[in-house]
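Start from chain L and add chains B, P and G according to the hints.
The lines below spell out each chain.
There are 4 protein chains.
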Amino acid sequence: MAIHEECGVFGIYDPMGDCARTAYYGLYALQHRGQEACGIATINDRELSFHKDLGLVGEVFDEKTLDELGGTMAVGHVRYSTTGGVRRENAQPLTLKYVKGTLAVAHNGNLVNTAQLRTAFEYRGAIFQTTTDSELIAYAIAQERLRCASAEEAVCQAVKGLRGAYSLIVMSARKLIAARDPWGFRPLCMGRRGEAVIFASESCALAAVGAEFEREIDPGEIVVVEQGEVRSIRENCAAATSHMCIFEYIYFARPDSVICGQSVHEARRNAGRALAREFPVEADVVIGVPDSGLDAAMGYAEESGIPYGVGLVKNRYIGRTFITPGQRSRETAVRLKLGALASCVAGKRVVMIDDSIVRGTTSRQIVGLLREAGAVQVHMRSSAPPFIAPCYFGTDIPDRENLIACRHTVEEIRALIGADSLGFLSLEALHRIAPDASCGFCDGCFTGSYPIQIGQEE
Amino acid sequence: MAIHEECGVFGIYDPMGDCARTAYYGLYALQHRGQEACGIATINDRELSFHKDLGLVGEVFDEKTLDELGGTMAVGHVRYSTTGGVRRENAQPLTLKYVKGTLAVAHNGNLVNTAQLRTAFEYRGAIFQTTTDSELIAYAIAQERLRCASAEEAVCQAVKGLRGAYSLIVMSARKLIAARDPWGFRPLCMGRRGEAVIFASESCALAAVGAEFEREIDPGEIVVVEQGEVRSIRENCAAATSHMCIFEYIYFARPDSVICGQSVHEARRNAGRALAREFPVEADVVIGVPDSGLDAAMGYAEESGIPYGVGLVKNRYIGRTFITPGQRSRETAVRLKLGALASCVAGKRVVMIDDSIVRGTTSRQIVGLLREAGAVQVHMRSSAPPFIAPCYFGTDIPDRENLIACRHTVEEIRALIGADSLGFLSLEALHRIAPDASCGFCDGCFTGSYPIQIGQEE
Amino acid sequence: MAIHEECGVFGIYDPMGDCARTAYYGLYALQHRGQEACGIATINDRELSFHKDLGLVGEVFDEKTLDELGGTMAVGHVRYSTTGGVRRENAQPLTLKYVKGTLAVAHNGNLVNTAQLRTAFEYRGAIFQTTTDSELIAYAIAQERLRCASAEEAVCQAVKGLRGAYSLIVMSARKLIAARDPWGFRPLCMGRRGEAVIFASESCALAAVGAEFEREIDPGEIVVVEQGEVRSIRENCAAATSHMCIFEYIYFARPDSVICGQSVHEARRNAGRALAREFPVEADVVIGVPDSGLDAAMGYAEESGIPYGVGLVKNRYIGRTFITPGQRSRETAVRLKLGALASCVAGKRVVMIDDSIVRGTTSRQIVGLLREAGAVQVHMRSSAPPFIAPCYFGTDIPDRENLIACRHTVEEIRALIGADSLGFLSLEALHRIAPDASCGFCDGCFTGSYPIQIGQEE
Amino acid sequence: MAIHEECGVFGIYDPMGDCARTAYYGLYALQHRGQEACGIATINDRELSFHKDLGLVGEVFDEKTLDELGGTMAVGHVRYSTTGGVRRENAQPLTLKYVKGTLAVAHNGNLVNTAQLRTAFEYRGAIFQTTTDSELIAYAIAQERLRCASAEEAVCQAVKGLRGAYSLIVMSARKLIAARDPWGFRPLCMGRRGEAVIFASESCALAAVGAEFEREIDPGEIVVVEQGEVRSIRENCAAATSHMCIFEYIYFARPDSVICGQSVHEARRNAGRALAREFPVEADVVIGVPDSGLDAAMGYAEESGIPYGVGLVKNRYIGRTFITPGQRSRETAVRLKLGALASCVAGKRVVMIDDSIVRGTTSRQIVGLLREAGAVQVHMRSSAPPFIAPCYFGTDIPDRENLIACRHTVEEIRALIGADSLGFLSLEALHRIAPDASCGFCDGCFTGSYPIQIGQEE
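Chain order of the listed sequences is L, B, P and G.
Heads up: the first sequence is residues 0 to 457, going by numbering that gives the first Met the number 0.
Heads up: the second sequence is residues 0 to 457, going by numbering that gives the first Met the number 0.
Heads up: the third sequence is residues 0 to 457, going by numbering that gives the first Met the number 0.
Heads up: the fourth sequence is residues 0 to 457, going by numbering that gives the first Met the number 0.
Think of the hints as simulated: they come from the structure by calculation, not from any bench.
Any given hint could be a false lead.
One copy or any two copies: either way a pair holds, since identical chains are not told apart in the list.
Stated by the list, open to error - Once the Cα atoms are required to be at most 25 Å apart in a straight line, the calculated SDA-like pairs of lysine to any residue come out as: (1) 174 <-> 146; (2) 96 <-> 123; (3) 96 <-> 114; (4) 174 <-> 289; (5) 174 <-> 122; (6) 63 <-> 234.
Only chain L is shown next, with the shape it has when bound in the complex:
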């Protein structure tokens, strides 16, 4: 409940026009990936337009703006900031003019060689107006474009210098270009709807706009759409490995998305089943913490044979404007966000599944809520292993000092949250939750070992 994905991206080429509106719907489907800022840039007759601001998709765009944006191509972005700060200037897509015309750049991920790249550019006279990686990438493309014959070639050369996670959509006056880093950290897929070609962070956005999923963009691949024709540049695929963020399956992605062939919902269910095998317990009911713990709870129930129940109901109206109660208030945050069902838990031994434990605070409050509602035992199971290391590739997992598992044993954590027993999914089991996935995984936040070596400075 406390970790955020940084971004979601969406791109569309549609000769029928109205691409801003389709992007709007696509971003609605990706809103869970970033709720802080959003934007859409479009091309109409080779002219670039854009609109972006802080706020949710439904707050930033209105009918008039979408009509004005129109577009036979569009790039959209939803953003949650970590390193860049909550500044309006950092909203994406980044739009710019360079030697060959206009560009719009939307980026999901996080680069690890940012400082070196910035310094290098600054030593050539560059100025930086934002703190986003997108601006760095734009400079890289602009520099390469001086040498390269086409925008896509410039992108291909430019990304060679980037280390880290990037699922990227670049739009010029005539081309829509999607690119994914050779490690494949963040998802990016492609779909079709009639003559339209669509790129999106998750397949749920394709479904939302009535498009059919075609395939994932491969790690290192660059896909170019020009006048409806689609070409793939695989020059950077050679050295590519595959390290999809495994926490996408556990928490970030929408359960109705399919990533690299693996249903997210099923992956969570698998995690629950594995938990049941690894940490069985005698109990009367299995419940999940909404929303992301529900699927794993079903899996646990199925595997264990203990009935699945609805023990917690989420208040759907708690949003960004919510005023959190003070420290000593009897209205605790968790009580306002979750309602316990006594009819489900009273007098029962309860297995409670959540997606992960970060600081432990929320888990402790939920355990308390369940006991107040009459639960006689509360056995907590986490469908992710303990977090022990930061993420450098686009999520905001906190520093080690804020990760409960960096400073406490499992038994200590159990005591701190007040549960009767506690189990974390093992790393071995974690790697088996997505059997249909055609990719490898990054589990750096659970192991401290990353596909890319992290320098001192990061």
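Just chains B, P and G now, kept in the frame of chain L:
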């Protein structure tokens, strides 16, 4: 998915103060009962303050406003308009000055003798500045107060003239008064938190603020809180019958609320179990339409032995500002609101449970979505009987011409929505879904027969 | 610079429609009479619509709202609150439903028997939702309407019970009714534009909308417009006297308005001429404090033969959102609002004219500003006599303890503000500044003697 | 009434802190130079902060924002866009990170070699995110900084490549740098307040914040403030000529400003006196069109001996949100903006002075308004010569096809606006209106001959 409750009410007396903040949290828990307008009125040292506006609780109130409102008593209201229109003027609580000082009035329900009452007051020189029943009730109290020795007696006499549904909270400079109509149409309960006394439309609001549920307010009962002392006036209880809106259990109330002793979640699960008995079918998976169809789907699965699955995922960000797609758009409204899980339904015979069918449009689109996702059969079950008549008591069930069941047989509806089979919960079963409830029910929208005779004019 | 008029009113009947837009322009011309809230109510096919809110006319209305309001009749209001408080609820016109249909009421002025009237209505069961006199007047009309054959007769009877200032516009589904109190405190005039009939607080609003001034509404008169036909009810004129607020000429009204036959600009110029005769001084330049001191300064220059100069320039952008500097800041409020012209005052003996002196603070700062800019002498002249008493009839002249002239002699005031000499227009001269005016005057704020006896309670 | 200045700049170093607030007050005083967007950047402990947005100073900033900005240095900007378009992105100061840290850049003026500069930078790999000259200037500085030993030296080298108008304030973490182009097109002055050093487009902003005017920045000069020490770099002054925009005196600047030693108010008065000598006429009253025609009208009256009168009153509330009336409406725009005083003009031969005539539309409407009010003759005098050429240096004088004087003789213009006679100030007289000015002038918009040769592309 298309019917709205009109209102939710919340009242608190707390000598510790800060009642506006507690009311704010209470209204958050009741937000599902009305998303159009909201307001809070408070008493500080016998002085009335208030703030109200169009918008969600989180939009209308900020920290500063809550601090200014303070309060050792507060009355709060969330509103969805049907008859009164979306006017800022109609936001509640209604606050006023009358012969004995100030009053704040918050009302959930709908009166059926409005026109007669208005005319009668107008013939005594009254002016009406809103179109709400609350203003009528305020006049009734003001008139009675001229004859009565106390505010509560005035309330007691005033409500004798009201016919229809009212769960009412009235606040004077010194007293908090809760009243419920003798038919008991709408819920209203009472709780305690230390010295604080709290009234709320649903028990989930008591839980949210850390209060303990004490009891329901009885049909016809008036409860007065003065300086922490609680008295009950049962003068109007004599002729009271009990006709709680049964659709509160099916759809309106929050599943973690307990109404008249009956868990809402369990009632929905019971409805699902009954549906499985009444309309069994050979199938591979049972799914619910989120959110209100999920509980019934679990019940169906349990009773039938068919596995429960997650076939549909709801987009949590669709709000009031959402721009709906045009008629011919490939991005249909349902596609944007719900995502289908192919991994759950592909190649399967699916039982799909929703809370009700109003116009049939949404059901048809959901059936389509499931078939697109690969469902080989879709068997729809509605956990409510067919709507065949309007509601006069505080919900916005549409006119007969907009109710599909008024113009079509069940078989015709099945064909229209494209399901392989269709079953509506029977009236008999409906009356058995809430076995723990200590009340009788109003099922007027399913039968056309109401606890109060409806005149020509309504 | 510190006294506010409470309100301005505007009414129009125009069979060509679009009355909301004309009212919008009329209110723009009356904005100086009230900047806190505004509103417009219209009639289309006997249906009442309205829009009102806190804010300036330009903030509250947009094109869409004006189009929706339309109207073959409209009533508009701008408000500055004194007694009623800054509440959105108090914005006018008040709109209501009563025994004979709908009414909109807009009021400029202040009643002095408010408390008695409120109590009397409350003892008949009335409830008050605002603290405005308009609501009282509406009750009075509603009560009389039960006995009277027409709306205008009800207005005629209702106003008999009102004591104080009221320039009133009432609109029913079919009639536009203008009324003025028998003392004639506040201005109200009438004009025509083709078939349209227009009422406005000041003639500048008629000019703004291209209408021709026809005449003043007489004290006590009621004018009814129905289907374009205009009738006058003079029943309350019999006992009428004439006591136009003389401070309208000095300060409130716009200089291009003509009130009761007297140009406001000329009245101010006359005041300046009289000041030159009453308080001559040897000096090099005469300057005015913008905006309302400029006209009197010209008059002083003309009469004295001392050249007129521009010594102070006003910042046109200081509005309601301006953040005033702290006490010890070197950016004083007056320095931000006014710029001194050294080229005009340096090395000169300056006569500085302002409309009045309330607390003396601003005058002291202006004298300082002029000295800083190099003035060797500053002789202040006030085109109003000293304020020594409050106003009960619609302006916010402060309490006696805040009026410098209640606690200090002229010589003391001179010393306090740091001027070399100081002169206030005499009462005798005051009464001669409007020689073209066909009315008598109220000078209560300068004399403490009022046309209506003020009871203990006020 | 139709020509806009592009910008105003303000810079402050004050060891006492709170520079954002002082900049806020300074920008209020410069608001007339740009009403579309504004911004303030500050330095606190070498850290850059900023806030900027579309809107007036009073709309964009609130107390909290000013407190957060704080600052021991600040740069502020008000903007009216011409070439750059109304985009939030174009609001200034531009803030950026470059090879040596952070910079904030605020610019008033317009460059004429923009296209060449952009292309040159793009060919080195630059990306442009705005369409402002400030971004170009920032690149120029960033490039030079690679070679130069200090920020000021980089500024000094960078501006060598700029052709056109720039009054510039640049702020680094430690230095405040003001620079003015060698032609001296736009004003820029310097003042002191205790230890504080302040730069501003006009002296009125110094006065507003209680600072004392010290001197103008010379054409080509660069002034550096570091830790309170002030140094001047005069390297670019060698080739400097002096071509202050003469229309600053006629219209743009505030009358209480002194530019290059010349009071703006007196310059306007001089223009009026010259008009009286060049275009005398027998008349009864001289009036000015508020606000910028008033000073010239006084001068005309003084020189001619014809009495000065107030014939037109301006509505002070017409702002950006004003909804202009349609074409055939009887409420013309001019009628809403200006009220005519019949008491001043009725039956009179009127001399009406305005600052200039652009398209002629407004003049025609004002002549009509005066005739309606009873003027028997209207003699118009323009205190500027006819506009016959565009401005390339920072004002939005329209294209030739929209300048009435490009297509009509004076006699034709007279007939078109319906005046009895018409006179434009001669070029010779124009050059004598500012006798105290220590500078030369640019009169390009009146002559088509500019201090800088304008290439084909502009």
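Subject >> Same-copy or cross-copy closeness of residue 96 to residue 123 [CA-CA at most 25 Å] >> reply: Both. Shortest intra-copy (18 Å) and inter-copy (13 Å) distances satisfy the 25 Å Cα cut-off.
**OP:** With 25 Å as the alpha-carbon cut-off, assign the pair residue 174 and residue 289 to within, between, both or neither.
**Re:** neither (41 Å within a copy, 39 Å between copies)
Original post:
Given identical chains, is residue 96 near residue 114, meaning Cα to Cα at most 25 Å, within a copy, between copies, both, or neither?
Top reply: Both: 24 Å inside a chain and 12 Å across chains, each within 25 Å.
**OP:** First find the shortest C-alpha distance between residue 63 and residue 234 inside one copy, then the shortest across copies, and answer within, between, both or neither for a cut-off of 25 Å.
**Re:** This pair counts as neither: shortest intra-copy Cα distance 42 Å, inter-copy 52 Å.
Subject >> Homo-oligomer pair classification [residue 122, residue 174; C-alpha up to 25 Å] >> reply: between (30 Å within a copy, 21 Å between copies)
**OP:** Go through the copies and call it for residue 174 and residue 146: within, between, both or neither, with a Cα cutoff of 25 Å.
**Re:** Answer is within: at 18 Å inside a copy they meet the 25 Å cutoff, but 38 Å across does not.
Checked against the numbered hints above, the structure breaks hints 4, 6 and satisfies the rest.
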